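*Asks:* The primary structure of each chain is shown beneath.
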Amino acid sequence: MAGGYLVPMALIVIVLACAAVAGVLHRLVRVSLVLTLPIAISVILVSALTRPGETVLLVLGPFDITLEGIDFAGQTLVRLFAISTAIGLFTLATDPRAFVFDLERRGLSPRFAFIAAATIEAVPAMAARAGVIAAAQRSRGLDTEGSLRARLRGVLPLVGPVLLSSLTEVEERSLALEVRAFGRPGRRHLLWWPPDRPLERVARWLLVAALAGLVAARLLGAWPPIP
Amino acid sequence: MLELRGATYRYAGYARPVLHEVDLALRDGEIVGLVGGTESGKSTICLVASGLAPLSIGGELRGEVRIDGEPTAGLSVHELAQWVVIGFQNPATQRSGVAATVFEEVALGPMNLGLPVAETLARARRALATLRIEHLADRDPARLSGGQGQLVAIAGLLAMGPRHVILDEPTAQLDPEGSNLVAAALRDLAATGAALLVAEQRTDLLDGLCDRVVVVDGGRIVLDGPAAATLEDRRLEDWGVEPPSRVRLARALAARGLPSLAELGWPA
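Residue numbers (our numbering), protein chains in the order written: chain D, 414 to 640; chain R, 598 to 865.
To be clear, the hints were calculated from the coordinates, so they are not data collected in a lab.
Since we're looking at a predicted model, the values are computed, not measured.
Built from N, CA and C at the ideal position, the CB exists for glycine as well.
Among these hints, one or two may not hold up.
Just some of the chain R residues that point at chain D, by a computed CB distance under 7 Å [what the hints assert, rightly or not]:
id, residue
1, Val-615
2, His-617
3, Thr-669
4, Leu-672
5, Val-682
6, Thr-690
7, Gly-694
8, Ala-697
9, Thr-698
10, Gly-706
11, Leu-710
12, Gly-711
13, Val-714
14, Val-819
15, Leu-820
16, Gly-822
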């Protein structure tokens, strides 16, 4: 049973250690918990209530909550948290500008590189816009403080304006970029790109090798399948 | 010269055109103001003149857009951008979001054109100097005031090296201080010889800046003449345009039988 937890938790520890070094630990934990929580609730409910098992811990009406179900939910959650923290670390610790220019320097089309950077920037931009809209709504009497129910009631009216304004902004932003020849095919002469330090190059190749090794181990049967 | 000849434009999905037989000329070095009430077609004229309509946003255009007598049909947006550029109301949406400094933001356009590094740097420096915002070069574009952000957006357009600059309500989302910054910058820009087409609700901005003012109503040009005379035309308010404050003040003084500003020795 412990085997299904060990690797994801080890990964989480490594990611959190990297986040601490990068100075984004608190933000990473907060963002990862927020992102994982909705899925976690459904995973726990579905797995605990419906997954068959031999050790029944609790009976709730027609549902048997089994130890196997709880265990499966736990393993799924740590894997989800490992994924969300890894993606979150990449998003929080990556300078979009460095990312865009490095991708482009390595041959990626400027358009795809920009889309990657814009995706990274989209979440903090939407969060900032949500903050502005929330402040405006609060000045008009919307209550966003207090109990969880009160906060949810306060958040729901913000979803529409945030999404609509984001969509409108996308069209305006794309037109502004087109006017500045963003759609022109061909390479650009970059003014700057991030340096590729030897340590980073080594780390990069080690990660690629580790990925290749894991895939090979799984194909050869040397790595146990997910239960 | 940038010309619209008989331009009739219908947005994609619309049943009817929003521009009807628009003839408009923007000569090199000329400053033209475009005024009209809400939904009169000012922004649409700007989009058509810049080529974004229909190239980028779709729709159907009848008539022609010409630059120096040559039709622009068949040119791509990035090819047109070296002749005519357009700025919008919201400085935030004109930011690329991937530039760490104002200098990089302004240099983005020339870089996209595939220009050599030296030329890109020179154009960016020139654009910042034209608008007198060299002191913002190292600033984060996301942390500027509205007026500063709009100036950076305009500088980014200037760095493309266009002969015609179209600005669609550049002060609409700015406070008075920001509007004054942009107004001063437009005067500096006009002094360089660039042709400007400025669509604005605020006629005070256009008063004293423009050579000509064009009035749009219901998608048609209803008046096109020298700026001073056009802004003093009594029909402006019928078309949803508020005259400049000096005109309103002069009329108020006259209505009360008081001496005019000139008689009071007020400078012109």
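*Asks:* Name the hints, by number, that the structure is in violation of.
*Replies:* 1, 2, 3, 4, 9, 14, 15 and 16
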